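2 protein chains.
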Amino acid sequence: MSLQHALLGVLEARPMSGYDLVQFFDSSTAWIWAAPQSQIYPTLRRMERAGLITGDDEPRGPKLTRTVYSVTDQGREELERWLSTPHDPSPPRDPFLVQALNFDTIDAEKAHAVLEQFITEQEKAAAEAEAHRQRLLNKDTMLLKERLTRRDPAEHDRIARLKAHVFAGVAAVARTRAEWAREGQRLLTED
Amino acid sequence: MSLQHALLGVLEARPMSGYDLVQFFDSSTAWIWAAPQSQIYPTLRRMERAGLITGDDEPRGPKLTRTVYSVTDQGREELERWLSTPHDPSPPRDPFLVQALNFDTIDAEKAHAVLEQFITEQEKAAAEAEAHRQRLLNKDTMLLKERLTRRDPAEHDRIARLKAHVFAGVAAVARTRAEWAREGQRLLTED
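Line by line, the protein sequences are chains R and L.
Quick note: the first sequence uses the UniProt record's numbering, first residue 1, plus one each step.
Quick note: the second sequence uses the UniProt record's numbering, first residue 1, plus one each step.
Chain R extracted, bound-state conformation (with noise of 0.2 Å):
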């Protein structure tokens, strides 16, 4: 289950609250991994019950606590076991290519419109991969600040320089539908 170890790769930096976690799926890790609050709380406290995190429960003013998960060492070991082996690549189901198989049955001007979001949806997403990209390269995101102040200063640069290549993958596929999706606009108007 991935979600599972997106959030130990994340715990791994920092010990964080299900809150935090929350706010940093959706602001950095949305492009890698879509997760809803509503997935991620349950998925702490099973991951909880087998071991692979703790909680310690932090004041929070006054009255209230939170709970703070941190990674434990069977957490850690699982974590790189998964890392290390080869998964099956996940089954392809993207409905904009079930629409597009369809392409030939529809006006060609519906068609042009349909593509004509998707490159807006595709370039868009290739411009936050980058600017993602770059902040990486300059060290200059909360999560990779917090991670390197526990690693190995001489490795810093190419701790930067593979997380921020995962990016420029997301942001050459983008690029590459783009690309596809305007080529697939000529070709509707052609005989």
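Be careful, since some hints might not be right.
[What the hints assert, rightly or not] A few chain R residues facing chain L, derived, Cβ under 8 Å: (1) W33; (2) S90; (3) P95; (4) F103; (5) I106; (6) A113; (7) Q117; (8) A131; (9) K163; (10) G169; (11) R182; (12) E183; (13) E190.
[Unchecked claim] From the derived model, a few chain L residues whose C-beta atoms are all more than 12 Å from chain R: (14) S17; (15) S27; (16) A50; (17) D56; (18) G61; (19) K110; (20) T120.
[What the hints assert, rightly or not] Derived list of chain L stretches under chain R, where covered just means 3 residues or more per stretch with a C-beta under 8 Å from a C-beta of chain R: (21) 65-74; (22) 82-90; (23) 95-104; (24) 183-190.
Since the hints were derived computationally from the structure, they do not count as laboratory data.
Bear in mind that the values here come from a model prediction, so they are computed numbers and not experimental data.
All residues carry an ideal CB built from backbone N, CA and C; glycine is no exception.
Using the hints, position chain L against chain R.
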């Protein structure tokens, strides 16, 4: 629900039984939409109840019958409506990217091996999509042949080009991913 629309698109080309559809999804649409048998049969029953398709019992041997589904007018309208509507992009949930985002925490050789398998898979996917693209350009798939018998011959080349283009996109994305992974392997060995 995209499986519904994928099924409508296929049944528009030729009325088929549930069994035929399972074979078809296994052999041809698997790169676009992975649909296990366990999903196809209940979805067909739901679509029949909703009036999108209608089932006719045909004799199959002396004692058996099989239900052959075809698209109703209502189903055709629903398909056209769905195809003409720009949809929100699917939420990204790629376990492989979660893995890659944490490659700095495992041995470089292990991460290299995970990337190697990823490259093999992507290159295989690209080659298969490219081969399917060629078959479509040559109007040489069972389903496209059936589909074209109901369409104006003046349109045949355009239909084949539009369908083939979908697989050009699948191949291009797979090649982009393989190239990205190769660059990732280079980054792993840098200081």
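Here is what the structure says about each hint:
1. Satisfaction of the interface hint for W33 (chain R) is found here, the shortest Cβ-Cβ separation to chain L being roughly 5 Å, below the 8 Å cut-off.
2. Checking S90 (chain R) against chain L: minimum C-beta separation of about 6 Å stays under 8 Å; hint holds.
3. This hint holds: P95 (chain R) has a C-beta 4 Å from the nearest C-beta of chain L, less than the 8 Å allowed.
4. A hinted interface residue such as F103 (chain R) counts as satisfied when its beta carbon comes closer than 8 Å to some beta carbon of chain L; here the least separation is about 5 Å, so the hint holds.
5. A distance limit of 8 Å between C-beta atoms decides the matter here; for I106 (chain R) the minimum to chain L is near 5 Å, and the interface restraint holds.
6. A cut of 8 Å between beta carbons decides the hint on A113 (chain R): the least distance to chain L is about 7 Å, and the hint holds.
7. With a cut of 8 Å, the hint placing Q117 (chain R) at the interface with chain L holds, because the nearest CB-to-CB distance is about 4 Å.
8. Residue-level restraint check for A131 (chain R) is violated (minimum Cβ-Cβ distance to chain L is 16 Å; threshold 8 Å).
9. Proximity of K163 (chain R) to chain L holds as hinted, the smallest CB-CB distance being about 6 Å (cut-off 8 Å).
10. At its closest, the beta carbon of G169 (chain R) sits 4 Å from a beta carbon of chain L; the interface hint therefore holds under the 8 Å criterion.
11. Violation of the interface hint for R182 (chain R) is found here, the shortest Cβ-Cβ separation to chain L being roughly 11 Å, above the 8 Å cut-off.
12. Hint status for E183 (chain R): holds, given a least beta-carbon distance of 7 Å to chain L, under 8 Å.
13. At its closest, the beta carbon of E190 (chain R) sits 7 Å from a beta carbon of chain L; the interface hint therefore holds under the 8 Å criterion.
14. The Cβ of S17 (chain L) sits about 21 Å from the closest Cβ of chain R, beyond the 12 Å cut-off, so the non-interface label holds.
15. A cut-off of 12 Å between C-beta atoms confirms that S27 (chain L) is not in contact with chain R; the least separation is 14 Å.
16. For A50 (chain L), the condition that its CB be more than 12 Å from all CB atoms of chain R holds, with the nearest at approximately 18 Å.
17. Annotated as non-interface, D56 (chain L) keeps its C-beta farther than 12 Å from every C-beta of chain R; the closest such distance is 23 Å.
18. Non-interface status of G61 (chain L) relative to chain R is upheld: no Cβ of that chain comes within 12 Å, the nearest being about 34 Å off.
19. The Cβ of K110 (chain L) sits about 4 Å from the closest Cβ of chain R, inside the 12 Å cut-off, so the non-interface label is violated.
20. Not every CB of chain R lies more than 12 Å from the CB of T120 (chain L), the least distance being 9 Å, so the non-interface label is violated.
21. Three residues within the 8 Å Cβ limit are the bar, and the segment 65-74 of chain L against chain R gives 0, so the coverage statement is violated.
22. Beta-carbon proximity to chain R at under 8 Å applies to 8 residues in the segment 82-90 of chain L; the threshold of 3 is reached and the given coverage holds.
23. With 10 residues having a Cβ less than 8 Å from any Cβ of chain R, the segment 95-104 of chain L passes the three-residue criterion, so the hint holds.
24. With 5 residues having a Cβ less than 8 Å from any Cβ of chain R, the segment 183-190 of chain L passes the three-residue criterion, so the hint holds.
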